[in-house]
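Colleague: Based on the provided sequences and hints, a complete structural model is requested.
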Amino acid sequence: MKTRLSLIGLSSLVLLVAACDDSNGTRGIGSLGLGFLEVFNQDRNAEPIDITDLELAMTPSIEPFNP
Numbered sequence: 013m014k015t016r017l018s019l020i021g022l023s024s025l026v027l028l029v030a031a032c033d034d035s036n037g038t039r040g041i042g043s044l045g046l047g048f049l050e051v052f053n054q055d056r057n058a059e060p061i062d063i064t065d066l067e068l069a070m071t072p073s074i075e076p077f078n079p
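Read in order, the letters of the sequence shown are residues 13 to 79 in the working numbering.
Everything labelled a hint here was simulated from the structure, so no lab data went into it.
Ideal Cβ positions, reconstructed from N, Cα and C, are used throughout, including at glycine.
Hints may contain errors.
What the hints assert, rightly or not - Label pairs and their in silico Cβ distance ranges:
id	residue 1	residue 2	range
1	I74	L19	31 to 41 Å
2	I20	P76	52 to 62 Å
3	G21	D55	39 to 49 Å
4	R16	E59	51 to 61 Å
5	I61	M13	53 to 63 Å
6	I20	L49	20 to 30 Å
7	P72	R16	43 to 53 Å
Modeller: Written out as C-alpha cells, the structure is:
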C-alpha cells in the first residue's frame, strides 16, 4: 500500500512538472503590445476601450501564444 501511494505521488509530481514547463505567460501577453495589455487587464466594468485605436504588434515569425 505504501509503495502504491508513493508511486501515485511521484507520478503526480512528474505530471505537474511536465504541465508547468518553462512557459512565460506574462511575456507572451506582453508580446501582443501595450494596448492589448491595457484591454486585457482593465476592470470588466470599466469604460470600453476603442480597439480601432490600438496598435497590435504583428510578429508572424514567433510561435503562437497559448496560455
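Colleague: Next step is simple, just say for each hint if it's right about the structure.
Modeller: Against the structure, the hints come out as follows:
1. Distance hint check for I74 and L19: the Cβ-Cβ separation is about 39 Å, which falls inside the suggested range of 31 to 41 Å.
2. For I20 paired with P76, a C-beta distance near 34 Å fails the hint of 52 to 62 Å.
3. At about 41 Å, the beta-carbon gap between G21 and D55 stays in the expected band of 39 to 49 Å.
4. Take R16 and E59: their Cβ atoms lie about 57 Å apart, and the range 51 to 61 Å holds.
5. In this structure, I61 and M13 meet the distance hint of 53 to 63 Å, their C-beta atoms being roughly 57 Å apart.
6. Look at I20 against L49: about 40 Å separates their beta carbons, and that is not inside 20 to 30 Å.
7. At about 49 Å, the beta-carbon gap between P72 and R16 stays in the expected band of 43 to 53 Å.
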